[in-house]
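Work from the hints to combine the two standalone chains into their complex.
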Amino acid sequence: MDELEAIKVTFFQECEELLADLEGGLLAMQDGTSDGETVNAVFRAVHSIKGGAGAFGLDPLVRFAHVFETLLDSVRSGKVDASPDLVALLLRASDVLADHVSAARGMGDVDEALSHAMAAELEAWDGDGGAPAPAAASATASASDDDFDLSAGVAAELDDMDFGFTPMTISVEEQAGADEQAAAGWMVVIQPKSDLYRKANESLLLLRELERLGPIETTVDDSALPDLADMDPEASYLTFKVKLTTDKSEADVREVFEFVDGDCDLTITPLMAGDAPPAPAFEAPALEAAPEPVAAAVAAPEVDVAALISAATAAPAPQPAAAAPVAPPPAPVAMTPAAAAAVAAKPTTAAAPAKAPLEAPGPGQSVIRVDPERIDRLIDLVSELVINQAMIAQRVAEHGIPQSSNLAIGLDELEQLTREIQDSVMAIRAQPVKSVFQRMPRLVREVASMVGKQVRLVMEGEGTEVDKTVIERLSDPITHMLRNAIDHGLENPDERREVGKPVEGVIKLQALHRGGRIVIEVTDDGRGINRPRVQKIAVDKGLIAPDLQLTDEEIDNLIFLPGFSTADKVSDVSGRGVGMDVVRRSVQALGGRISISSRPGHGSTFTLSLPLTLAVLDGMVVEVAGQTLVVPLAAIVESLRPKPEEVRALGPTGAVLAVRDSFVPLVDIGSTMGYRANAPDPTDGVVLLVEGEDGGKAALVADNIQGQRQVVIKSLEANYQQVEGVAAATILGDGRVALILDVDAVINLRRREAPAPKPTEPMIAAE
Amino acid sequence: MAQMTLPETMDLKAAAGLKASILAQRGSPLELDASGVRRLGGLCLQVLMAAASTWRTDGQSFSLTNPSESFAEAIRLFGADAALGTAIHGA
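Chain order of the listed sequences is Y and A. Position one of the first sequence corresponds to residue 0 (numbering that gives the first Met the number 0), numbered consecutively onward. Position one of the second sequence corresponds to residue 0 (numbering that gives the first Met the number 0), numbered consecutively onward.
Please keep in mind that the hints were generated in silico from the structure rather than gathered at the bench. Remember, it's a predicted structure, so these values are computed and weren't measured experimentally. Hints are supplied without guarantee of correctness; some may be wrong.
[As the list claims (entries may be wrong)] Mimicking PhoX-like on lysine-lysine, the simulated pairs with C-alpha atoms at most 20 Å apart in a straight line are:
1) Y:Lys467 <-> Y:Lys433
2) Y:Lys642 <-> Y:Lys696
3) Y:Lys535 <-> Y:Lys433
4) Y:Lys198 <-> A:Lys12
5) Y:Lys192 <-> A:Lys12
6) Y:Lys467 <-> Y:Lys713
[Claimed, not checked] For the chain A half of the interface with chain Y, some residues (derived, Cβ under 10 Å), not all of them:
7) Met0
8) Ala1
9) Gly16
10) Leu17
11) Lys18
12) Ala19
13) Leu22
14) Cys43
15) Leu44
16) Met48
17) Thr53
18) Gly58
19) Ala79
20) Ala81
21) Ala82
The beta-carbon is built from N, C-alpha and C at its ideal position, and this holds for glycine as well.
Just chain A, same shape as in the assembly (with noise of 0.2 Å):
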C-alpha cells in the first residue's frame, strides 16, 4: 500500500507533478491522504479522477483520507461525488 500526502494547494502548477507522482504508484494500492489540502482547482480535481477510474479498471484500491474541510467542499460543488465519492474516507 503507497501513501502520499496531497499538496497544500493543487492548482495548474501542481497538476504535471501530481500526475507523475501518481502515475508512478501504478499497479499497487493507493491511499492518498488530504488532510492538508487548501485549494483543490480543476485540473487536479481530473487527475484525480483519472486515477481513481484508472486505478478501478486495474483492480486497485485508490482512496482517499482525512479529506480537509476545503477539500471535501470543492469535492461537493465540482459535482465529483460520486465520481471520487467511495474513495473518500473518514471525512
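So here's chain Y without its partners, still in its complex pose (with noise of 0.2 Å):
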C-alpha cells in the first residue's frame, strides 16, 4: 500500500495549504477585505479536506468537515450573514478542523468534547439561519457543488482524490433525472479557466464539438458568478454541466478537450442511467411533489458513499430524518450504481500518481514537490564543490602562476560558477516564512480568549523568504514573543478603556529583510515596559547593582536576563518555564539577535534578527595564536591597526581602544578562548571592531587578517559538541578545520572574567 501511503503524504501536505488558504479567508472575512471569492475559496478549502479525508476513510475527519461544509455553504449562499460573531466561530472551528487534520495523521489527539461541541455549535448556526429549510437546501447545494468544486481543483492530486467522491453524487444525481434520458452516455462537466478565454478559445465551441458527438443537456452553473459591479469580464465564473447521450468512448470526449488542455478543468463520469429501470416511475412524481426532500436523499447517499469508499460500516447521515420520506425505496437502487461507481472510483484513486502529470496545473503555476533530504543533499555537494574551488585556487596561488595566465583566469570563473550555484541552490531552499506565521493567528487566539483581552493580530511580509534552516528555528521565538506581547504587553480590556484606547489591542508581526538579515517585529499597542518596576525587580533578584545607571534601552532588555520574570504571578502563558533569557540564548545560538524598545503607554517592540541562511556565511578570516580562525563579517564594523596611544590601560590586566571619541574594550582573542596566557601587545596585531547583538561595541585583538571569505558552516554542535565562543566550524582552501567565533560569546566570555563587585553585575554593565 505504499502507493497510497504516499497519496495520503501528498494530501496532508495539501491539507496544510487548504487550512491555510482557509484561515487566511476567513481573517478576510474578519478584516472585511472579503469578496464573493473569498467565500467560495474557504468553503473550497473545507470541502476539499472532507473530499480527500473520505477517500482514505478519516471519518471523525468527514463528519467535521461535513458540518463545517454545511454551514459555509448556507454563507456562500447568502442565507446565513457572515457576521462578525460567526466568522469568530469559523475561526475557532478551523482550529479545531486543524486538530482533526493532525489528528488523522497521527500527531495529536482532537478534543472530542470540544469537537462534539463545536459540530453541535456550528449545526445550530445552520438553523438559525432563517433559511426555511436549511438543511435540505445545503444538500442540493453541496451535491451540486461536489462537480463543481472539483473541477475548481485546488491541486491535480487532490482532484483525483476528490474524484472518487463526485461521481456517486453524480451518478446519485442522475438517477434523479433517469426518466429523461435512458441511453447510457458522459456526464461532462466543463469549468473553464480565464486562460482558455484569453488564449481566445471559446467554451461554446467546445459545446458544439460536444453536441456533434451525441444530443446534449447543458445547465449552466453560476453559483461563482458575482455581482455584475463585481465581475471581471475576462475572468471565467461559470461551470457547465452537459449531460451527453453518446455510445462514443471516453477518450471520443476527452478528444474534444485536446486543444484547451490544462485550461479548463474537466471532470466526465458515465451516466448511469440504463442500470435503474424502477427508479424513474418512483422518482418522476417524488420529483415533481416535493423537490427539497428529494434534495436531501440525494445529499444522503453522499454522504453514505463517502463512507462506502473508506469502507467503514457505520454511514454517517447527517439528515436521516429530512431522508426518511422519500429516500427508502429509492436508496436500494440508488445505492446499486453508487456502489458500482464506487468500485469503478477505487482505481481512479490508486492511479492518481500517475494522472496526476498529465492534469498538471495550468502553465506559470507548476510546482514540483521534492523531498527536502535530496536538496539538503545538493547543497551538502554544492558545499564541498566550493570548498574545492578554494582548495584549487589556493594551490594555484601557491604555485606562482600569474594572475593573467588562462589558468588563473578559468579559475576565478569557475568561481563566479561556484558562487551562482550556490545563491542558486541556496534560492530553492529559501521560503516565505508564511508557513510559520500562518500558525501565529491561531495561537494568538487561543492565548488571548486564556488571558481575556481582545486581541488582532496583523501580520506583514509573509512573503519574505528565508533559507529553510533558519524557518524551522523562527517558530519558537515568535510564539514566545507573540505570548508575552498579548500577556505582559497588552493592557487588560478596562485599563485600556480607562486610558482611552480601543478594547481591542494590536500586535503586528512583521517580517522584512534588512542587511543580510531576516528581521522579525513583534509589536504591541500595549502599555509599554514599565522600567521602574523592572529595575527594581532586577535589584531585588540581585540580578544588578542597586545604584547601577542604566539607560532606557538597557532597562528594558533586562528582561532577557536569566531569571526575571515580570509578571507579579507566574500566568498560564506566559509562565511556562522558558524565560526570555532562553529565547535569546537560543536565538543567539542561531547567530541571531533580539531586543526590545519600548515607549511607556504606546507599547513595545520585539526585535528578532537573524541570518539569512545558516549554511554559508560571510567572514574574515584571522589568525590568533598560531590558529585560524572566521569572525562573521556581519558582526565587524571596521578592522585598523591600533597606534599605541590610543591604548589605555584600565585596571591590572583590561584595556581600552579610543575609537573616534569613544572608548572600546580590547578583547584579545587568543587569551580569551585559551590559546596562550598573556595577551600581546595589540599595537603588535590587528584589531577588529565588533558590535554585539545589542549595539554593544568590543576590540577584537588578533594577530594577523588573512583575508575575507565565503565559508561553509560544519556544524559543531552535530559533529563534536558546543563549545563556548565558537559558533560552528569550517573547512578551509588547504583542507583545515577553523572555528568560526561566535563574537557576543567571546566578549561575553571577556566579561565574566573581569573583575566584578557582584558575580552577575558585569554582564549589565557592559551592555
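The following block contains the structure:
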C-alpha cells in the first residue's frame, strides 16, 4: 500500500495548504476585505479536505468537515449572514478542523468534547440561519457543488481524490433525472479557466463539438458568478454540466478538449441511466411533489458513499429524518450504481500519481514537490564544491602562477559559476515565512481567550523568504514574543478603556529583510515596559547593582536576563518555565539577535534578527596564536591597526581602545579562548571592531588578517559538541578545519572574567 | 426604459465594454436587442447572466429581444435558457 501512503502524504500536504487558505480567507472576512470569491475559497478548502478525507476513510475528519462545510455553504449562498460573531466561530472551527487533520495524521489528539461542542454549535447556527429548509437546501448545493469544486481544482492530486468522491454524487443525481435520458452517455463537467478565454479559445466551441458526439443537455452553474459590478469581465466564473447522450468512448469525449488541455477543469463520468429501471417511475412524481426532500435524499447517499469508499461500516447520515419520507424506497436502487461507481472510482484514486502529471496545474503555476533531503544533499555537494574550488585556487596561488594566466582566469570564472550555483541552490531552499506565520493567528486567539483580552493580529511581510534551516527555528521565538506581547504587553480591556485606547489590542507581526538578515518584529500597542518596576525587580532579584545607572534601552533589555520574570505571579501563558533569557540564548545560538524597545503608554517592539541562511557565511579569516579562525563579517564594523597612544590600560589586566571619541574594551581573542595565557601588545596585532547583538561594541585583538572569504558552515554541535565562544566550524581551502567565532559569546566570556563587585553585574554593566 | 443593441461579435474583446455599457444603465429597466448577434462567447454570457441577476435583485425589468438564430443557439448550448430564458422575448 506504499502508493496509497504516498497519496496520503500528499493529501496531508495539501491539507496544510488548504487549512492556511481557510484561515487566510476567514481572516480576510474578519477584516472586511473579503469578496464573494473569498467565501468560495473558504468553502472549497473545507470541501476539499472533506473529499480527500472521505477517500481515506478518515471518518471523524469527514464528519466534522461536513458540518463545517454545510454552514459555510449557507454563508456562501447568502442564507446565513457572515456576521463578525459567525466568522469568529468559523475561525475556532478551523482550529478544530486543523486538530482533526493532525489527529488523522497521527500527530496529536482531538479534544472530542470540544469537537462535539463545536459541531453542535455549527449545526445550531445553521438552524438559526433563517432558511426555511436549510438542511435540504444546503444539501442540494453541496451535492451539485461537488462537481463544481472538483473542477475548481486545488491541485491535480487532490482533484483525483475528489474524483473518488464525485462520481457517486453525479450518478445519484443522474438517477433522479433518469426518466428523461434512458440511454447511456457521459456527464461532462467543464469549468473553463480564465486562461482559456485569454488564449482566444471559446467554451461555446467545446459545447458545439460535444454536440457532434450526440445530443447534449447543458445546465450552467452560476453559483460563483458575482454581481455585475464586482465581476471581472475577463475572468471565468461559470461551470457547465453537460449531459451527453452518446455511444462514443470517454477518449472520444476527451479528444474534444485536446486543445484546451490545462485551461479548463474537466470531469467526465459515465451516465448510469440504463441501469436503474425502477427509479424513474418512483422518482418522477417525487421530483414534482417534494423537491426539497429529494434533494436531501440525494445528499444522504453522498455521505453514505463517502463511508463506502472508506470501507467503514457505519455510514454517517446527518439528515436521515429529512430523507426518510422519500429515501427508503429509492435508496437501494440508488446505492447500486453508487456502489458500482465506488468500485469504479477506486482505480482512479490508486492511479492518481500516474495521472497527476497529465492533469498538472496550468502553465505558470506548476510546482514540484521535492523531498527536502534531496535538496540538503545538493547543498552539501555544492558546499563541497565551494571548498574544493577554494582549495584549487589556493594551490594555484601557491605555485606562483600569474593572475593573467589562462589558468587563473579560468579559475576566476569557475569561482563565479560556483557562487552562482550556490546562490541558486540556496534559493531553492528559500521559503516564505508564511509557513510559520500562518500558525500564529491561532496561537493569538488561544492566548487572548486564555487571558481574557481582545487581540487583533496584523501580519506583514509573509512573503519574506528565508532559508529553510532558519525558518524551522523561527517558530519558537515568535511564539514566545507573541505570548509575551499579549500577556505582558497588552493591557486588560478595562485598563485600555480607561486610558482611551480601543478595547481591542493590536499586535503586529512583521518580517522584512534588512542588511542581509531577516528581521522579525512583534509590536504591541500596550502599555510599554514599566521601567522603574523592571529595574526594581532586577535589583530585588540581585541581577544588577542597586546604584547602577542604566539607559532606558538597557532597562528594557533587562527582561532578557536569566531569572527575570515581570509577571507578579507566573501566569499560564508566559510562565511556561521558559523565560525570555532562554529565547535570547536560542536565538543567539543561531547567530541571531533579539532586543526590545518600548515607549511607555504606547507599546513595545520585539526585534528578532537572524541570518538569512545557516549554511554559508561571509567571514574574515584571522590568525590568533597560530590558529586560524573565522569572524563573521556581519559583526565586524571595521578593522584597524591600533597606535600605541590609542590603547589605554584599565585596571590590572583590562585595556580600552580609543576609537573616534569613544572607548571600546579591548578583548584578546587568544587569551579569551584559552590559546595563550597572556594577551600580547595590541599594537603588534590587528584589531577588529565588532558590534554585539545589543549594539555594544568591542575591539577583538587578532595577530593577523588573512582575508575575507565565504565559508561553508559545518555544525560543531552535530559533529562534536558545543564549545563556548565558538559558533561553528568550517573547512578551509587547504583542507584544515577552522573555528567560526561567536562574537557575542567571546565578549561575554571576557566580561565574566573581568573583576566585578557582584558576580552577575558585569554582564549588565558592560551592556 | 433604456435600449441597447448587442454587438455582432460578443467575444473576449467585447466583454469589458459590454459590462461597462450595461452597468451604466443600472437603475432603469433595460432592453437588449440581440438581433444582430452572430457570436456569443462564454465571457459575454457571464456578463449577461450577471446583469440579469443584478437587474432582478434591483427589481428592474431586464429583457433580451429579437434573439438571432446564433444567439438562441448559443444560449441553448450554454444551458443558459433557465438563467436568461425569461428575459428572452420575441424568439
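Now the hints, each set against the structure:
1. Y:Lys467 <-> Y:Lys433: holds (12 Å)
2. Y:Lys642 <-> Y:Lys696: Since the Cα atoms of Y:Lys642 and Y:Lys696 sit roughly 19 Å apart, the hinted pair holds (cutoff 20 Å).
3. Y:Lys535 <-> Y:Lys433: Given that 20 Å is the threshold and the Cα spacing comes to 39 Å, the pair is violated.
4. Y:Lys198 <-> A:Lys12: Roughly 12 Å separates the two Cα atoms, so the pair holds.
5. Y:Lys192 <-> A:Lys12: holds (16 Å)
6. Y:Lys467 <-> Y:Lys713: Holds: Y:Lys467 and Y:Lys713 sit about 16 Å apart, inside 20 Å.
7. Met0: Since chain Y brings no Cβ nearer than about 18 Å to A:Met0, farther than 10 Å, the hint is violated.
8. Ala1: violated (14 Å)
9. Gly16: Hint holds; A:Gly16 Cβ to chain Y Cβ min 8 Å, cut 10 Å.
10. Leu17: Hint on A:Leu17: holds, closest Cβ of chain Y at ~7 Å, below 10 Å.
11. Lys18: holds (4 Å)
12. Ala19: holds (8 Å)
13. Leu22: This hint holds: A:Leu22 lies near chain Y, its Cβ roughly 6 Å from the closest one there, short of 10 Å.
14. Cys43: Result: holds, 8 Å to nearest chain Y Cβ.
15. Leu44: Constraint on A:Leu44 satisfied, holds at 7 Å.
16. Met48: holds (6 Å)
17. Thr53: holds (4 Å)
18. Gly58: This hint is violated: A:Gly58 lies away from chain Y, its Cβ roughly 15 Å from the closest one there, beyond 10 Å.
19. Ala79: holds (5 Å)
20. Ala81: The hint holds - A:Ala81 has a Cβ within 10 Å of chain Y, the shortest such distance being about 8 Å.
21. Ala82: holds (6 Å)
Violation of the numbered hints given earlier is confined to hints 3, 7, 8, 18; the remaining hints are satisfied by the structure.
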